[in-house]
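Chains as they are written, first to last, in the working numbering: chain Z, 1 to 242; chain H, 1 to 211.
No lab work stands behind these hints, which were simulated from the structure alone.
Be a bit skeptical, because a hint or two may be false.
20 Å max Cα-Cα, derived SDA-like pairs, lysine to any residue [claimed, not checked]:
1) H/205 - Z/172
2) H/205 - Z/75
3) H/205 - Z/129
4) H/83 - Z/134
5) Z/115 - H/83
6) H/205 - Z/137
7) Z/115 - Z/129
8) H/205 - Z/138
9) H/83 - Z/137
10) H/205 - Z/92
11) H/83 - Z/95
12) H/205 - Z/115
13) H/83 - H/129
If you want the ones that stay clear, here's a sample from chain H, every Cβ over 12 Å from chain Z, calculated [stated by the list, open to error]:
14) 3
15) 8
16) 57
17) 83
18) 108
19) 112
20) 117
21) 129
22) 134
23) 152
The beta carbon of each residue, even a glycine, is placed where N, CA and C say it ideally should be.
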Amino acid sequence: MTSPVVELENAGFELGGHRLVGPLDLIVRCGETVVLLGESGSGKTTTLRLVNRLLDPTEGEIRVEGTSTANWNPVHLRRRIGYMIQEVGLLPHLTVEGNVELVPLLQGWPVQRRKERVAELLALVGLPPEQFSHRRPQGLSGGQRQRVGVARALAADPPILLCDEAFGAVDPVTRAALQKEFRSLIQQLEKTVVFVTHDVREALALADRIVVLEHGRSSFVGTVAEFQRNETSSVRVLRELA
Amino acid sequence: MSMFDYMIDNRADVLARTLQHMGLVAVSVSIAIAIGVPLGVLIARRSVLRGPILGLANVMQTIPSLALFGFLLAVPLIGLGAKNAIVALVVYSLLPIIRNTLTGIDGIDPAITEAARGMGMTDWQLLRIVELPLAAPVMLAGIRVAAVIAVGIATIAAAIGAGGLGVFIFRGLAMVDNAVIMAGAIPAAMLALVVDGGLHFIERKLDWRVS
């Protein structure tokens, strides 16, 4: 069995006396894709933000690559983790190339290496570099922007990817295509992925394991096959939505 | 004597006063940018300071300019002359610069800031790579307003011996001679238009939304 990359141990987060997440136990192993599935307000995004220290847990512990997030420098931690969000968050004043090379730039890569990396990544996500490098995000379709988001998250070759409804803002056809390509890409690159979604079909398409979150706690953890067989009411309801 | 005759006869003086006027405005707006932009960034990060800092800048804006020049006369190390004018012009320029820096940063899509933090930007990198470039068009609009106001107020600074184009206006008032008044007023108005147009041009150049 491969080593754990992200571990949540009794992890929880409270805000203003309300518990948003936890206590939650979860181990994400190297190369695995774990999908956090749940409706709005179930604590998926908060859980994700605890992993890259955009939030700190108010109880329990979260370890990334064996080290407690409390002992990680947040900036160093985040540079080891690719982060993709629904709105993508591309910088509108930079070109596609400028956006994709951001993390390598922050890490001080030389210009030539950055340029080569951008070209390689754009080709990998299906955007021919000669056609897209110098375009601005405003001139791209939703699907193309998401692809740039994927390229940006992969730019410095982080071992871990956190994705928050990463394909939530595109039409169903583009979405299905992106899911398929993303799945094959992360398998090929052997990334460890935590993917947040409220879409059951997306969870089934991407996951090695599914965690169902309800009110900040996990009500189911298991493989896709186990999810398909499970007869607890919460899982059954979700399955019927698929 | 017409205004043009007066200006031609006194062209060296008109040119010198115009340059002096531009100098007053350039120095004071530069100082106001150096103070106002960091204050705008500070209140964008610490919302608890917004009320006090914007309130103070607002109150200072309401002081009549001639009265402010008068108050500053009594302040040690300021007294009469250009220093007095520069301090007063800085005070008047601060509000639009602080307010527009805050508005510019506040208006940035939260998803962009979230993504930037998520990729491991430090506070300084976030400011330099994301916030200031994205807020730049709005900040420049504030600087433009401040500069145009400063061109106008600087004419009054002649009253406390700071020079500039106001010298002709006050001289004309004393002589009851419209031509002399216009020799100060028309170049001042033209200067305001040039400053406005020039900064507007830079604003457009820096605006990522239109490029």
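Going through the hints against the structure:
1. H/205 - Z/172: With a Cα-Cα distance of about 38 Å, the restraint between residue 205 of chain H and residue 172 of chain Z is violated, given a limit of 20 Å.
2. H/205 - Z/75: Cα-Cα ~33 Å, so violated.
3. H/205 - Z/129: Distance ~26 Å between residue 205 of chain H and residue 129 of chain Z Cα, so the pair is violated.
4. H/83 - Z/134: Roughly 48 Å separates the two Cα atoms, so the pair is violated.
5. Z/115 - H/83: violated, 51 Å
6. H/205 - Z/137: Satisfied, since the Cα-Cα distance of roughly 18 Å is no more than 20 Å.
7. Z/115 - Z/129: holds, 10 Å
8. H/205 - Z/138: This hinted pair holds, its Cα atoms lying about 17 Å apart.
9. H/83 - Z/137: violated, 47 Å
10. H/205 - Z/92: holds, 15 Å
11. H/83 - Z/95: violated, 45 Å
12. H/205 - Z/115: Answer violated: residue 205 of chain H to residue 115 of chain Z is near 26 Å, above 20 Å.
13. H/83 - H/129: At roughly 36 Å apart (the allowed maximum being 20 Å), residue 129 of chain H and residue 83 of chain H break the hint.
14. 3: Given that every Cβ of chain Z is farther than 12 Å from that of residue 3 of chain H, nearest at about 46 Å, it holds.
15. 8: With a cut-off of 12 Å, residue 8 of chain H remains clear of chain Z, as the shortest Cβ separation is near 48 Å.
16. 57: holds, 28 Å
17. 83: With a cut-off of 12 Å, residue 83 of chain H remains clear of chain Z, as the shortest Cβ separation is near 39 Å.
18. 108: violated, 10 Å
19. 112: violated, 5 Å
20. 117: Given that some Cβ of chain Z is not farther than 12 Å from that of residue 117 of chain H, nearest at about 6 Å, it is violated.
21. 129: violated, 8 Å
22. 134: violated, 6 Å
23. 152: holds, 33 Å
Against the hints set out earlier in the document, violations occur for numbers 1, 2, 3, 4, 5, 9, 11, 12, 13, 18, 19, 20, 21, 22.
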